[in-house]
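Enquirer: Dock chain B against the given chain A, drawing on the hints supplied.
Listed below, chain by chain, are the residues.
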Amino acid sequence: GEDVEQSLFLSVREGDSSVINCTYTDSSSTYLYWYKQEPGAGLQLLTYIFSNMDMKQDQRLTVLLNKKDKHLSLRIADTQTGDSAIYFCAERNSGAGSYQLTFGKGTKLSVIP
Amino acid sequence: GAVVSQHPSWVICKSGTSVKIECRSLDFQATTMFWYRQFPKQSLMLMATSNEGSKATYEQGVEKDKFLINHASLTLSTLTVTSAHPEDSSFYICSARNNEQFFGPGTRLTVL
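Just so you know, the sequences run in chain order A and B. Going by my numbering, the first residue of the first sequence is number 1, and it counts up by one from there. Going by my numbering, the first residue of the second sequence is number 1, and it counts up by one from there.
Only chain B is shown next, with the shape it has when bound in the complex:
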């Protein structure tokens, strides 16, 4: 139980395009999902907390217009990186809360 999936697992895009990443809780309902960003050899940085049916809460320094989060159902949250630039290249990991946080496998984004 408590399986979280992410799609896609990796994506390469051109600078200026937008990329959508999906996070799904497969066998439980998650009222809260979290989005993290991880730089090489670094820890996870919390970007935002996503609650189903309401606006996401962004951490300080994270641009909400740049990183659009939608949590339309209890099993799906999406992160859209708008007008991506090379500095947005990173490993994006989501987690879903079912008492504890269970993490997805991550999405490697490379912006050329």
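Isolated chain A, as found in the complex:
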């Protein structure tokens, strides 16, 4: 079955860049996502990338996809204290009409002022 792996913790200083990494196993994934979860809240869709793309940039966020290595990363430029949260990587399962997502365990990002 599908599996998504992430490191559990990341700590950075305010103003630095954060890079959160994710690996997945389903080579036929169509879309890959990054969600943000603040304490006690639901998930906020940050960005996503289609599997035929290598990179996607959206303001401070840059997503890099290495499909050969099944590696996805999220870079947050000029990290702020408000970016402290848990970040989930997710892949959209392959299969016609499938909209199910498989999530990683989440990376807790701590931003040091």
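The reader is advised that the hints may include incorrect statements.
Pairs of lysine-lysine residues, derived as DSS-like cross-links and limited to a Cα-Cα distance of at most 27 Å, are as follows [to be verified]:
1. B/Lys20 - B/Lys55
2. A/Lys36 - B/Lys55
3. B/Lys64 - B/Lys14
4. B/Lys41 - B/Lys20
5. B/Lys41 - A/Lys70
6. A/Lys105 - B/Lys64
7. A/Lys108 - A/Lys36
8. B/Lys20 - B/Lys64
9. A/Lys105 - B/Lys41
10. A/Lys56 - A/Lys105
11. A/Lys36 - A/Lys70
12. A/Lys36 - A/Lys67
13. A/Lys70 - A/Lys108
14. A/Lys105 - B/Lys14
15. B/Lys14 - B/Lys41
16. A/Lys105 - A/Lys36
17. A/Lys105 - A/Lys70
18. A/Lys108 - B/Lys41
Hints listed in this document are in silico derivations from the structure and should not be mistaken for laboratory results.
Expert: Using the frame of chain A, we list chain B on its own:
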């Protein structure tokens, strides 16, 4: 756009009672809604996929008689935890599909 709400945001109940959680898509119609369960410091576990007007599809290991799902309209799905026990205490999150999945804020269930 693409706002999903859940009600209640938190609930405390006694063991043996049933609890209903509502998930609403506020500004779009969702033919498909998903119910997840999240344990502390864990990822989201998909419990079931709910399609409007049909029976929900449950993931392996999820008891359909324990977790009753109803998706009566294109904007509302409900999850009822029947005869709740302390081990059912968890954070329940729904999502609604509008091309992508948009998530509700979650419901914290505590069973005493």
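Enquirer: Taking the numbered hints from earlier one at a time, note which ones the structure violates and give those numbers from smallest to largest.
Expert: 2, 14
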